[in-house]
Amino acid sequence: MFPTPIQKRSQAAQLTYQSFLPIALILWLLPLIAVAVFSIKPDSDFTTGNYWGWPSSFEGFANYGKVFFESDMPRYMLNSVFITVPTVIGAVALSCMAGFALGIYKFKSNIWIFFMFVAGNFVPFQILMIPVRDLTLDMGLYNTIPGLVLFHIAFQTGFCTLFMRNFIRQLPFELIEAARVEGVAEWRIFWFVVLPLMKPAIAALAVLIFTFIWNDYFWAVVLTQGVESQPVTAGITSFNAQYRAAYHLMSAGSIVAALPPVIMFFAMQKHFIAGLTLGAVK
Amino acid sequence: MTQAALPDTHAASGGGRSWYRRNEIAITPWLFLAPGVLFFCFYVIFPIFQSFNLSLYAWDGLGEAEYVGLRNYGELVNDRAFEVSLWNNLKWLLLYLLAIPAGLFIALFLNQTVTSIRLYKSLFFFPFVISQVVVGLVFTWFYDPTFGLLNTILGWVGLGPINVLGDPTLVTYGIIAAGLWPQTAYCMILYLTGLNAVDPEQVEAARLDGAKGWRMLWYVIVPQLKPATFIAFVVTIIGALRSFDLISIMTNGGPFGTSRVLSFYMFEKALSEYGFRMGYGAAIAVVLFLIMLVFIAYFLWSMWREEKVR
Numbered sequence: 001m002f003p004t005p006i007q008k009r010s011q012a013a014q015l016t017y018q019s020f021l022p023i024a025l026i027l028w029l030l031p032l033i034a035v036a037v038f039s040i041k042p043d044s045d046f047t048t049g050n051y052w053g054w055p056s057s058f059e060g061f062a063n064y065g066k067v068f069f070e071s072d073m074p075r076y077m078l079n080s081v082f083i084t085v086p087t088v089i090g091a092v093a094l095s096c097m098a099g100f101a102l103g104i105y106k107f108k109s110n111i112w113i114f115f116m117f118v119a120g121n122f123v124p125f126q127i128l129m130i131p132v133r134d135l136t137l138d139m140g141l142y143n144t145i146p147g148l149v150l151f152h153i154a155f156q157t158g159f160c161t162l163f164m165r166n167f168i169r170q171l172p173f174e175l176i177e178a179a180r181v182e183g184v185a186e187w188r189i190f191w192f193v194v195l196p197l198m199k200p201a202i203a204a205l206a207v208l209i210f211t212f213i214w215n216d217y218f219w220a221v222v223l224t225q226g227v228e229s230q231p232v233t234a235g236i237t238s239f240n241a242q243y244r245a246a247y248h249l250m251s252a253g254s255i256v257a258a259l260p261p262v263i264m265f266f267a268m269q270k271h272f273i274a275g276l277t278l279g280a281v282k
Numbered sequence: 001m002t003q004a005a006l007p008d009t010h011a012a013s014g015g016g017r018s019w020y021r022r023n024e025i026a027i028t029p030w031l032f033l034a035p036g037v038l039f040f041c042f043y044v045i046f047p048i049f050q051s052f053n054l055s056l057y058a059w060d061g062l063g064e065a066e067y068v069g070l071r072n073y074g075e076l077v078n079d080r081a082f083e084v085s086l087w088n089n090l091k092w093l094l095l096y097l098l099a100i101p102a103g104l105f106i107a108l109f110l111n112q113t114v115t116s117i118r119l120y121k122s123l124f125f126f127p128f129v130i131s132q133v134v135v136g137l138v139f140t141w142f143y144d145p146t147f148g149l150l151n152t153i154l155g156w157v158g159l160g161p162i163n164v165l166g167d168p169t170l171v172t173y174g175i176i177a178a179g180l181w182p183q184t185a186y187c188m189i190l191y192l193t194g195l196n197a198v199d200p201e202q203v204e205a206a207r208l209d210g211a212k213g214w215r216m217l218w219y220v221i222v223p224q225l226k227p228a229t230f231i232a233f234v235v236t237i238i239g240a241l242r243s244f245d246l247i248s249i250m251t252n253g254g255p256f257g258t259s260r261v262l263s264f265y266m267f268e269k270a271l272s273e274y275g276f277r278m279g280y281g282a283a284i285a286v287v288l289f290l291i292m293l294v295f296i297a298y299f300l301w302s303m304w305r306e307e308k309v310r
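Chains as they are written, first to last, in the numbering used here: chain L, 1 to 282; chain R, 1 to 310.
With the rest of the complex left out, here is chain R (with noise of 0.2 Å):
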């Protein structure tokens, strides 16, 4: 009697002891998420679903917020500040992508062995340490019609002083130019990281074959970076359309709104002098994230395939 009795009051008085033990391995994980979750659903993952709500009101971000519908969009299909915007987005994204090819041309102007090389990569690396805003000064420095150091070397060749940030035709360009430097210098390092992990062995082999130059890089060099490719793609493209630091320092969106991207001109309408339109910016910011979702899919779908090769 005893002896049936005594596995069972040690499993009562152990009970929650042991319910936990048991479960151990399936708990632990959602403990160790719960904060990380928590606070990324908090700050992250709502304020999406709210923005996305919120672009079906009139709300001024004081009073009480009226519900107008889609009316907001169709505002924006005959607001022309909007279509600007949109073009100047659509320039980000293929311009910003020179940063790809400009990176691999410099990383492998600097794959080489020679003294100091490493201390030449970190310098060249160093733009993209600096912050925005600080250089967007410098550029708009660079840029200045009637100091500038564009200007100044311009004049030496005998071309007339040009107002890059001042001339709606160029200003966007001017400013992608600026976002470039920094940009660039990311992609340089992802290659010159890439190159490192390039097999000497296919380069040999390819060599007796006779491949050399553009060849080589093309059809040997090129397909074994493609990690460091898809990365420099991902961070560019993020890059090009959260475009927001460089444009407020260089040109606060002028001359005329010509230079505004939709992340520049939401902030606007939202928050700036210009009223207080917070259902219009969240529609507009809206749009700006369709956009960005069609990448977001491209990059995921990507990781997914990898991670199934696993």
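Okay, chain L solo, but in the shape it has when bound (with noise of 0.2 Å):
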């Protein structure tokens, strides 16, 4: 193991480690407790400078109250959650089986099409931009969250694929030959061999392009306008606008905004982490 496990080194040397490593974590996650605690504090702690002080009083209850009944964070969240379950499950169900066919056929233009999709993943958004923005008008998408989740799916579909494709070639291959010399159908192959084994692979890319389409805002911004279908990422800077200089409401509202995927993270972490580092191990 590298670096030397701490437990090998002396009494003091781990001392330091062990005191150390909370003091690290605290400087690195400095600004996000700073936002934590403005969103507690009261309006008055602004007004008299009071920024970095203890809080003169808890109103945690009262801006999160604020924020979830007297603003259209509700409403920015729900569409959050319309726009990013579709585009999972669409990615999801597109890329399980554009990955089957890449990974478990051989056939010419095989490599093509993969990097097709590896390559179109990793274009930059603005070259897409002025196209998809008119493709959706001309659909009479613009404005409403069929057109983003539509746009997503196949964007998504690109990584999806690179990842289903990858995890199904590292399954064992005799597993279906055993079940062709059986006689089974190809698309019974699909369902009831290779499927199962996806379990893990499927759950990984769930919570990633959870997370990613959650916090996406570019396409937010160019595709939808309104409270009507704007998600909660382009919703927060309206929000903003509303309460200009309410820091304890930005701050509540800004923390409610990135929650879901940290819970999501939190709760899925072994997933999440295997999904982000597929590849990073031969």
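Heads up, some of the hints might be wrong.
Cross-link-like lysine-lysine pairs, in silico, BS3-like; alpha carbons within 27 Å at most [claimed, not checked]:
| # | chain 1 | residue 1 | chain 2 | residue 2 |
| --- | --- | --- | --- | --- |
| 1 | R | Lys226 | L | Lys270 |
| 2 | R | Lys308 | L | Lys106 |
| 3 | L | Lys108 | R | Lys308 |
| 4 | R | Lys212 | R | Lys226 |
| 5 | L | Lys270 | L | Lys199 |
| 6 | R | Lys308 | R | Lys91 |
| 7 | R | Lys212 | R | Lys91 |
| 8 | R | Lys226 | R | Lys121 |
| 9 | L | Lys199 | R | Lys121 |
| 10 | R | Lys91 | L | Lys270 |
| 11 | L | Lys106 | L | Lys8 |
| 12 | L | Lys8 | R | Lys91 |
| 13 | R | Lys212 | R | Lys121 |
| 14 | L | Lys8 | R | Lys121 |
Computed footprint of chain L on chain R; a stretch qualifies when at least three of its residues, placed anywhere within it, have a C-beta under 8 Å from a C-beta of chain L [said to hold, decoys possible]:
| # | stretch |
| --- | --- |
| 15 | 42-52 |
| 16 | 287-295 |
Partner residues aside, some chain L positions facing chain R, computed with beta carbon under 8 Å [said to hold, decoys possible]:
| # | residue |
| --- | --- |
| 17 | Val123 |
| 18 | Met139 |
| 19 | Val222 |
| 20 | Ser254 |
| 21 | Val262 |
Note that these hints are calculated values from the structure, not bench results.
Everything numeric in this text was worked out from a predicted model, so none of it was measured.
Where is the CB? At the ideal position from N, CA and C, for every residue including glycine.
Reassemble the complex: the two chains are provided individually, in unrelated frames, and hints are given to aid placement.
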């Protein structure tokens, strides 16, 4: 193991390490801790200039209550859910199929189709922006949730297919050969042999895509406009315009907007990290 | 007679089905690929060519598009704002790569087995999970000249307040620092996974040979982390060239457009209140795409080599 395990070092080194660990963490998360503290402060602390002192009273409930009951935030959150969940389902479904085709079958254009997905996934968004916006306008889907969902599904299919295909390549191919010898139809091999083995990959992709789409800002700005369809990342900017200089409310709003992916990460940590680091180890 | 005719009729009656059965292995992949490929071409591949085409026109998004040839590109050459954006993109590219050594450093720091180290690892990773919009807001307040934490701390050691986001020379570095925060967390998690898989026997053998510290890291550990480094490199380059959210939230390109990058400038030209110059915007996007293409080609080439080895 590298670096040398701390247990093999002197008592003093161990103590230093153990006490330095929380300090380093606090320093690392300092900007976030500041926002968390802001969000429970009363309004008066900001007018009197008590930015960094102890909160003069605990107003967490009042601040978060305002965010949830007196602003458009719940609506934005709901929009985000309606955008994120169908995208996750759609992208995972399409990429399971495409990944299966590219991972199992040998045909001439296989690698080129695979590279098309990989390359498309790396493309800068701006090269797609104007045509996709026009397309969405022409289909009458501008400023609607389906308009955003359809594009997200298509774009995320690139990354998901890369992921699924590499995962399927690692499965034992003998399983498929055995099923073929038995005379099992190909689509049944997909459904009854490969798909059950893909569960960990599906879980990993689902949390990853959830986080990516929830946190998307660019496409939200390009394809939607108002409170009826904008997700929370775009909504937070209008929320901030509404409560300009009300730092306690802006902080509370930001924390609420950031929370769902955070919960998702802590709940599904193993899958999340397995997904992000696929390929980091040979 | 009847005996000879029998297999014939059989083949004719089951013709359609058996044709599919005979070619099942050749056809199935295309059936499975069709929805994904069609969707992807419709929304990703064709729009790339449309943008290339559009960059040859002058178009306000509503009326008739007018063909202008390469005039949009000619205008780019003399556009000061474009030049500033291009330089800023270069700064982003180079400085963003600092996330890789920084992530490795934190990963080495956390690669121990003490109590609750798992929780520490997840909390260090935390910034990556938060949306860039929130990261941008958090750092805007962190840098704020009147109450920001940065200036409060600088005040304690007797340094004057600096307005990071209001200073044309500092602003881009300030935003890059904000972007490095989540990116470093990502690289850290890649390296933590990589370090887990480092071959302990090689490390022990190197120890017996007297290698330690930096030499051990550089000659024994880093070569084994190559796959993790490759992915860290790919995601960092893409992250740097995609930077849009932070700039839009923290400065909106200002002050005086000094923090623009190509991705932001393109958006501004095509969609913001500064006018709907779709063709010009598309030309900027094409330049950005061509820069990215160099890296995409390199990534694909590396992947292709790997595939051949298998």
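Results for each hint:
{"no.": "1", "hint": "Lys226/R to Lys270/L", "in the structure": "holds (23 Å)"}
{"no.": "2", "hint": "Lys308/R to Lys106/L", "in the structure": "holds (14 Å)"}
{"no.": "3", "hint": "Lys108/L to Lys308/R", "in the structure": "holds (14 Å)"}
{"no.": "4", "hint": "Lys212/R to Lys226/R", "in the structure": "holds (19 Å)"}
{"no.": "5", "hint": "Lys270/L to Lys199/L", "in the structure": "holds (13 Å)"}
{"no.": "6", "hint": "Lys308/R to Lys91/R", "in the structure": "violated (35 Å)"}
{"no.": "7", "hint": "Lys212/R to Lys91/R", "in the structure": "violated (34 Å)"}
{"no.": "8", "hint": "Lys226/R to Lys121/R", "in the structure": "holds (21 Å)"}
{"no.": "9", "hint": "Lys199/L to Lys121/R", "in the structure": "holds (25 Å)"}
{"no.": "10", "hint": "Lys91/R to Lys270/L", "in the structure": "violated (35 Å)"}
{"no.": "11", "hint": "Lys106/L to Lys8/L", "in the structure": "violated (51 Å)"}
{"no.": "12", "hint": "Lys8/L to Lys91/R", "in the structure": "violated (42 Å)"}
{"no.": "13", "hint": "Lys212/R to Lys121/R", "in the structure": "holds (25 Å)"}
{"no.": "14", "hint": "Lys8/L to Lys121/R", "in the structure": "holds (21 Å)"}
{"no.": "15", "hint": "42-52", "in the structure": "holds (count 9)"}
{"no.": "16", "hint": "287-295", "in the structure": "holds (count 4)"}
{"no.": "17", "hint": "Val123", "in the structure": "holds (7 Å)"}
{"no.": "18", "hint": "Met139", "in the structure": "violated (11 Å)"}
{"no.": "19", "hint": "Val222", "in the structure": "holds (7 Å)"}
{"no.": "20", "hint": "Ser254", "in the structure": "holds (5 Å)"}
{"no.": "21", "hint": "Val262", "in the structure": "holds (5 Å)"}
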